[in-house]
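The task is simple: from the sequences and hints, build the whole structure.
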Amino acid sequence: MPLPAASRTLKEIAEYLGGVIRGDENHLINGLAPLETADPDKITFLANPKYASKVATTGAGAVLMSPGTESFGRNVIEVSNPYLAFAKLLTLFYVQKAEPLGVMNGSIVAPDASLEENVTIHPGAVLSSGVKIGKGSVIYSGAVIYQDVEIGNDTTIHANAVIRERCRIGSRCVIQPGAVIGSDGFGYAPDGTAYYPIPQIGTVVLEDDVEIGANSCIDRAALEITLIKRGTKLDNLVQVAHNCTIGEECIIVSQVGISGSTKIGNHVTLAGQAGVAGHLTIGDNVMVGAQSGVPSSLPPNAGYSGTPAIAHNEWLKAVSIIPRLPELKRALRALEKRVNELEKNRE
Amino acid sequence: MPLPAASRTLKEIAEYLGGVIRGDENHLINGLAPLETADPDKITFLANPKYASKVATTGAGAVLMSPGTESFGRNVIEVSNPYLAFAKLLTLFYVQKAEPLGVMNGSIVAPDASLEENVTIHPGAVLSSGVKIGKGSVIYSGAVIYQDVEIGNDTTIHANAVIRERCRIGSRCVIQPGAVIGSDGFGYAPDGTAYYPIPQIGTVVLEDDVEIGANSCIDRAALEITLIKRGTKLDNLVQVAHNCTIGEECIIVSQVGISGSTKIGNHVTLAGQAGVAGHLTIGDNVMVGAQSGVPSSLPPNAGYSGTPAIAHNEWLKAVSIIPRLPELKRALRALEKRVNELEKNRE
Amino acid sequence: MPLPAASRTLKEIAEYLGGVIRGDENHLINGLAPLETADPDKITFLANPKYASKVATTGAGAVLMSPGTESFGRNVIEVSNPYLAFAKLLTLFYVQKAEPLGVMNGSIVAPDASLEENVTIHPGAVLSSGVKIGKGSVIYSGAVIYQDVEIGNDTTIHANAVIRERCRIGSRCVIQPGAVIGSDGFGYAPDGTAYYPIPQIGTVVLEDDVEIGANSCIDRAALEITLIKRGTKLDNLVQVAHNCTIGEECIIVSQVGISGSTKIGNHVTLAGQAGVAGHLTIGDNVMVGAQSGVPSSLPPNAGYSGTPAIAHNEWLKAVSIIPRLPELKRALRALEKRVNELEKNRE
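Residue numbers (our numbering), protein chains in the order written: chain W, -7 to 339; chain U, -7 to 339; chain Y, -7 to 339.
Read the hints as simulated data drawn from the structure, not as lab findings. Be aware that one or more of the hints could be misleading.
The list treats identical chains as interchangeable, and a pair is accepted whether it falls inside one copy or across any two copies.
[Claimed, not checked] Restricting the straight-line Cα-Cα distance to at most 27 Å, the calculated cross-link-like pairs of lysine-lysine (BS3-like) are:
no., residue 1, residue 2
1, K3, K89
2, K127, K309
3, K321, K89
4, K46, K3
5, K127, K89
6, K46, K255
7, K255, K42
8, K336, K321
9, K255, K321
10, K321, K309
11, K124, K89
Following this line, the structure appears as structure tokens:
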């Protein structure tokens, strides 16, 4: 375990989680670990019933599990969602909000930038004219915030991220290193001999609790806004083109690309390397499989896969046949010969 | 509309565009907006005949449209290319070339770097020894220009872009944030037990009016140059490997990857997430569909799709059958049984 | 040829390579060039027998070739691996290790950072508290090294790369511009209404001789380490998710994505834009074709292609039929009619 942490009793931990102890409530825990490698001073979790037998042999001092699960004599804290409880304990044990350090030496902050209390602006960060940073937010080294950007409270902008002019970032957002928010949308008007660049005068708005992965790119709108709604998480190297709207609590996995002006509903999952064409509407609760290509709008509450994407179950059946195409072709040719023969005999 | 702009009469606008007014030439316009949301002080445009009926109900003060289009009593400026005219008005109304600010405090400029007049070097930008920057060019914060790079006139290098040693960038180019020009080509010689890195001693040349999207990567050549010709536009997160040549006025959409030593003609479009293998020749005016994989050279003046890519129309027909493969397989098996039966009866 | 270089006799070059001269051992060479464009003061190489006839017409002063190859009267140095020999001569002629420049003005180095001898820390680089840099390593401008990172000897971190807290980079590694090492893994626990971010408290470890391409992203592990072993090379824009292990001497081509917790063996090649799902095991010496999607673990010592990936040879046969699906469908329908006819006649 890479990080030290203070010890807590199972009683304290159970109270923090609102869970129920079976076993020694005074047992001391100083961290978390996987089922397989945990020591007696660590707590672990059982979320997937497939691994239930590992509880019998774990060296952990306690196990987070659902009510009524077999404990094999281990100390247990019963919680309704063991995986979520584990995540919350990781935060409790290992995540200390750093002391705010203010505007550090070596940062570059425009005189008219407006900083609320308890911010940290690391050395080498650049805040341009008119920038507003909410309380408790942290801007790491090398991040460049163009003019008139507004950033909410308790947001983290990691090193070398770039937020271009007039974009707005909500509270409790996390922008991983190298992400670019507000680059120019990719729009050109052909004039017969060359491409005339269409000024991209809109912006990007990220609502609260949005997270953007490393080196992902969110283009500014041509005229209005590119919008990512509350709670949506983007992985690394994702492309969101100009004028898109992405709904609330979506999961957009690494290397996905979303073309211009597409509207994505709430609770949508786009798996890795999927691509979505422009000017589409993707319904709520849609799941799109990895590497799928979506050429047209998708109704809500269903899964889709393939290029062009179809219903996920149909896709599974269809692609299972692709390796057997040579065999099917041979079978067809053989059958043709037999029918030739039958026809000849008939005459 | 996110930006304020000065008012102009329709007469002034028509003169600027070389268009013809139908309606009130003294009507005042202070900006641009979409057909659906425009107010009387805004001008809008009709490019796609599909939306012609929206002209009847738009609140816009004037509409850019092709000569002879039904105006529904609106003020109209007739132009041959309404979309291009709209783009030019966006520039007229909203894009002010910023006043040059020279070498700003907090930038790092080598003593022997050579800067022409009217440049702006933002705080935190780094210009290494021997760098030359043409007049009117702007280097944003955090951009790093390695030694002996030459950049033309009126070019913009956005924040945290990197231009490595000896590369050359033309005039009126735009490099979006985080793009990398001149990273080492991916070349290794296996020596039986390990990979020996082949020094990549070539460079990258971007001709005039080239635009490179956010976080895109253009690798330097092994020996000579990786070349992107005049007017070509690359979207975000594009990969161009070492020794490639990309012709004039190409459109390379987001997340495309082009492998080493491939030559791409003029006026080529590669749609999003397409991949092109190495050492190929792609003809002029080729269009490659989204997510396609190109394993071999492509003749000019045609469209291709799929992996491996084939003629676009053939691909459309072929993929329309993939969801029906289970049905075809069942039909084949049923037919086999019937032929068995016929053969049995014959005996 | 873009770079000047000092002259050497063929005798000196042959001794350096351990090769055998046929021809004039006193001939002077001042650089390298391709077969087609080499002048008499350049040396070239023949690796692919396909180009053997070009030796007859090359203008080069000497040719590196395998023992016994037809020389057409040229000066020759015989070596067992001409391509490797060419790479080594490129290094000899063109790569000078720059003089170490120490901690340069304009860099930002925490007082408790620990730097060994002969390092170069370029202006605008940021080294945080507790960072350790081994001897001879070079950190370019704009690179940001978070706290407690350890970097080995003779490693190069290019401009605007980011190494997040506590990660470890070996010796002789090269990190291209904009790469991000140690971004947070993409892990969230749904709590019924929102996604709770799971703290990613692990790190990334890159062993010796690892190279990471421009704007590639390696996520830190949730609890333990994301590991890339000795000698493995990643191209640009690659995504490696949290908790992955990649073995020794692998080649991971541009825009590949590897999902969380997957273990990749030694000497594996993943071609461009391939995707690998999470929690898989990929055997040693596996080759995965470009754009392939790997949904399940792969046995060693074989090639795989397609989505979902199958044996490469089977995939070649299967995809060759896809363009002919419309024809096969027509053939099947025609056959059905003929069988209908036969059945009717039988009655």
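*Within, between, both or neither, where K3 and K89 count as close if Cα-Cα is 27 Å or less*: within (24 Å within a copy, 60 Å between copies)
*Is the C-alpha distance from K255 to K321 at most 27 Å within one copy, between copies, in both cases, or in neither?*
neither (41 Å within a copy, 37 Å between copies)
*asked:* My question is about K124 and K89: at a cut-off of 27 Å on alpha-carbon distance, are they close within one copy, between copies, both, or neither?
replied: For K124 and K89, both the intra-copy (21 Å) and inter-copy (24 Å) Cα distances are at most 27 Å.
*With identical chains treated as interchangeable, where does the CA-CA distance between K321 and K309 reach 27 Å or less: within a copy, between copies, both, or neither?*
both (18 Å within a copy, 11 Å between copies)
*When no copy is named, should K127 and K309 be tagged within, between, both, or neither for a Cα gap of at most 27 Å?*
Answer is neither: 53 Å inside a copy and 57 Å across each miss the 27 Å cutoff.
*27 Å Cα threshold - placement of K89 relative to K321*: Neither way: K321 and K89 sit 64 Å apart in one copy and 60 Å across, limit 27 Å.
*Using 27 Å as the alpha carbon limit, work out where K255 and K42 are close: within a copy, between copies, both or neither.*
So K255 and K42 pass the 27 Å test across copies only (20 Å; inside, 38 Å).
*Since the copies are identical, ignore which copy is meant and state whether K46 and K255 lie within 27 Å (CA to CA) inside a copy, between copies, both or neither.*
Between copies only: 21 Å across, 44 Å inside.
*Measure nothing new, just compare the shortest in-copy and cross-copy C-alpha distances for K127 and K89 to 27 Å and report within, between, both or neither.*
Classified as within: same-chain Cα gap 13 Å, cross-chain 34 Å, threshold 27 Å.
_Intra- versus inter-subunit Cα pairing at 27 Å for K336 with K321_ = Classified as both: same-chain Cα gap 23 Å, cross-chain 24 Å, threshold 27 Å.
*Could you figure out if K46 and K3 sit no more than 27 Å apart (CA to CA) within one copy, between two copies, both or neither?*
within (24 Å within a copy, 67 Å between copies)
Hint compliance for this structure: hints 2, 3 and 9 are not met, and every other hint is.
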